[in-house]
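Visitor: The lines below spell out each chain.
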Amino acid sequence: MKHLTEEQLVEHYFADDANRIAAETHLRICSRCEQAYEEISNVLAVRAPHPPAQMPGYGRRVWQSIAAPLPAYPAKTKPSYFSWPRLVFVTACLFALVAAFVLGSLWQRARKLPTEAANPAQAKQRVVLFILNDHLDRSERLLVELSHAGAQSHDPADSLQANSIESEARQLLPDNRLYRQALANGSDPMMSSTLDHLERVLLEVANSPDKLNSADIERIEREMNTDSLLFQVRVLRQRNSTRENQAVSLRKGASI
Amino acid sequence: MALLRSNTGMAKNDQALIRTVLAGNKDAYGDLAERHGETMFRVAFRITESEPDAQEVVQEALLRSYRSLAEFDARSDFRTWIYRITVNCALQLLEKRKKEFAVPITEEFDEQVSGIQLADATAGPERLLLDREIEHRRHAAMEKMTEDERVAFVLRHLEGRSTEEIATALGVTPNNAKQSVFRAVQKMRRALAPLWGTPLLGRRPGVKS
Numbered sequence: 000m001k002h003l004t005e006e007q008l009v010e011h012y013f014a015d016d017a018n019r020i021a022a023e024t025h026l027r028i029c030s031r032c033e034q035a036y037e038e039i040s041n042v043l044a045v046r047a048p049h050p051p052a053q054m055p056g057y058g059r060r061v062w063q064s065i066a067a068p069l070p071a072y073p074a075k076t077k078p079s080y081f082s083w084p085r086l087v088f089v090t091a092c093l094f095a096l097v098a099a100f101v102l103g104s105l106w107q108r109a110r111k112l113p114t115e116a117a118n119p120a121q122a123k124q125r126v127v128l129f130i131l132n133d134h135l136d137r138s139e140r141l142l143v144e145l146s147h148a149g150a151q152s153h154d155p156a157d158s159l160q161a162n163s164i165e166s167e168a169r170q171l172l173p174d175n176r177l178y179r180q181a182l183a184n185g186s187d188p189m190m191s192s193t194l195d196h197l198e199r200v201l202l203e204v205a206n207s208p209d210k211l212n213s214a215d216i217e218r219i220e221r222e223m224n225t226d227s228l229l230f231q232v233r234v235l236r237q238r239n240s241t242r243e244n245q246a247v248s249l250r251k252g253a254s255i
Numbered sequence: 000m001a002l003l004r005s006n007t008g009m010a011k012n013d014q015a016l017i018r019t020v021l022a023g024n025k026d027a028y029g030d031l032a033e034r035h036g037e038t039m040f041r042v043a044f045r046i047t048e049s050e051p052d053a054q055e056v057v058q059e060a061l062l063r064s065y066r067s068l069a070e071f072d073a074r075s076d077f078r079t080w081i082y083r084i085t086v087n088c089a090l091q092l093l094e095k096r097k098k099e100f101a102v103p104i105t106e107e108f109d110e111q112v113s114g115i116q117l118a119d120a121t122a123g124p125e126r127l128l129l130d131r132e133i134e135h136r137r138h139a140a141m142e143k144m145t146e147d148e149r150v151a152f153v154l155r156h157l158e159g160r161s162t163e164e165i166a167t168a169l170g171v172t173p174n175n176a177k178q179s180v181f182r183a184v185q186k187m188r189r190a191l192a193p194l195w196g197t198p199l200l201g202r203r204p205g206v207k208s
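If you read the sequences in order, they're chains A and B. Here numbering that gives the first Met the number 0 is used: the first residue of the first sequence is 0, the next is one more, and so on. Here numbering that gives the first Met the number 0 is used: the first residue of the second sequence is 0, the next is one more, and so on.
These are computed hints drawn from the structure, not numbers from a lab. Treat the hints with care, since some could be wrong.
[Unchecked claim] Facing chain B, according to a computed beta carbon distance under 8 Å, are these residues of chain A, among others:
#1 6
#2 15
#3 38
#4 47
#5 50
#6 56
#7 61
#8 62
#9 65
#10 119
Values in this document were obtained by computation on a predicted structure and should not be read as measured data. Using N, Cα and C, we set each Cβ at its ideal position, and we do this for glycine too.
Working from the sequences, and respecting the hints, build out all of it.
Guide: Here it is in C-alpha cells:
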C-alpha cells in the first residue's frame, strides 16, 4: 500500500489536494497515515492568540492620524483634443505627410524621365543595327557566291548561279545606297567606306551589259578587290553583332 | 455566489474611490482605509504577534499605499495589493525588531503579551504549565520560519486565504506558496512533536478525532 506523504496530508488538511476522495478513503483504511494526519491536525489546532478586536471606524481613524502632512494628488484636467500643441502637432504631421508624397512623386519622375528618353534611342539603335546586320549578312553571302563562281570551272550551271548573283545584287543595291547616304555624316567612317566599296561592286555586278560569266566575275574580283571587301564586311558584321548584344543587355538592365 | 458578487462590488467601489483620490480628493482614501483597515490590522497582528507593532504596520502600510497609489494597476485587486504592502511592512518591522533585540526570542518570550488562549481558567497547574510550553514552542517555531513561510502560514492557516491570494501577496507562483505553507507546517510539527506523548495532549479540544 502506498502511504500518503506529509505534503499530501498537509494539502488534505487545507483541502488543497487534487484527489480528495482518494485521500479520504486511504485515511479510513490506513492507521499509519491516519495517525500522521491526526498529528498534523493537532499541530495546526494550536492557535496563535486572536487579534484584539478594534473599535468601529478603526481604519479611518488611523488614516486621519497620518493624513494631515500628506499632499493631495493634483486634480487631473480633462484632456482637450483641440489644444494648441495638439493642433500644431497634427498639422505638422499632415504637412510632413504631404511633403513626403510630393517629394516621392518628384523623385520618381526624375528617375523615370532619363529612362524613358534612353529607351527610344536604344530601341532605334537596335533596329538600325539589326537591319544593317541583315544587309551585311546578305552582302557577305553574295560576295562568297561571287568568289566561288569565279573559282569554279566553266560548266552550264554557272550561268544559273550568275543570274542569281545578279538578281541579288540588284535587290541589295538600293538598300545599300540608302544606308550609305544615311551614314554620309561621318559618324562611322569604316562602315561608310565599306558600304561605298560594296555599292561599286553591286553596281558592277547588277549592271553588267551581258550575262555574267566566270571571266567577268574574275575580272570584277580582281579589279574591285572583293576578297578585301568580304573581309571588311565580316569584320563589320561581327562588330554590329557585338553592339546589338550590348544594346539588348542594356535594355534588360533598364527593365530590372 | 453572493460572496463573489459582494467582492466584485467592493472591488468596483475600491476602483471608484481610487479614481476619486487620484482626482485630488484625499479624504476619499479614508473610506478605503475604513474598508480594509481591520483586515490589515489582523494580518499585521498575525505576523508580528504584537498589538502595538500591528498598529504601526497599519499606519506604515496606509502611508505607503497612498504614496504609491498612482502606480497601482487599475486592473488589479486593491485588497490583494494593500495586503501585500501590509505583509511587507510587517516583515520589515519584524526584521527591525530582531536587530533591536539580538537575544533569542525564546528567552525573552512573555506569555502575558502573547495572550495564550489555550489555557482554561479552571485548568489545573499541570495543564497551565503544558499550555505555556506549547505556546513557547509555537512561538519559537514561528521565529524559525522564513518570511515567506511565516506569511504563507498566517494567510493560509489563520486568515483562510487561497493559495492564489498568498502567491500574489508574496509575489511567487502558487506552487511556491503551497510549498511555503508545507515547510511552515513541517517546522511547527517538529517544534511541537515532543509534546504529543504527554497524556494531556492525547486529544485536544476542537481537534478532529
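Visitor: Hint by hint, say whether it matches the structure.
Guide: Right, here's what the structure says about each hint:
1. 6: 5 Å, holds
2. 15: At about 6 Å, which falls below the 8 Å cut-off, the nearest Cβ of chain B leaves the hint on residue 15(A) intact, so it holds.
3. 38: Holds. Min distance 6 Å.
4. 47: The hint holds - residue 47(A) has a Cβ within 8 Å of chain B, the shortest such distance being about 6 Å.
5. 50: 4 Å, holds
6. 56: Holds, about 6 Å.
7. 61: Hint holds; residue 61(A) Cβ to chain B Cβ min 5 Å, cut 8 Å.
8. 62: With a minimum Cβ separation of about 4 Å from chain B (threshold 8 Å), the hint on residue 62(A) holds.
9. 65: 6 Å, holds
10. 119: 67 Å, violated
Consistency note: the structure conflicts with earlier hint 10 alone.
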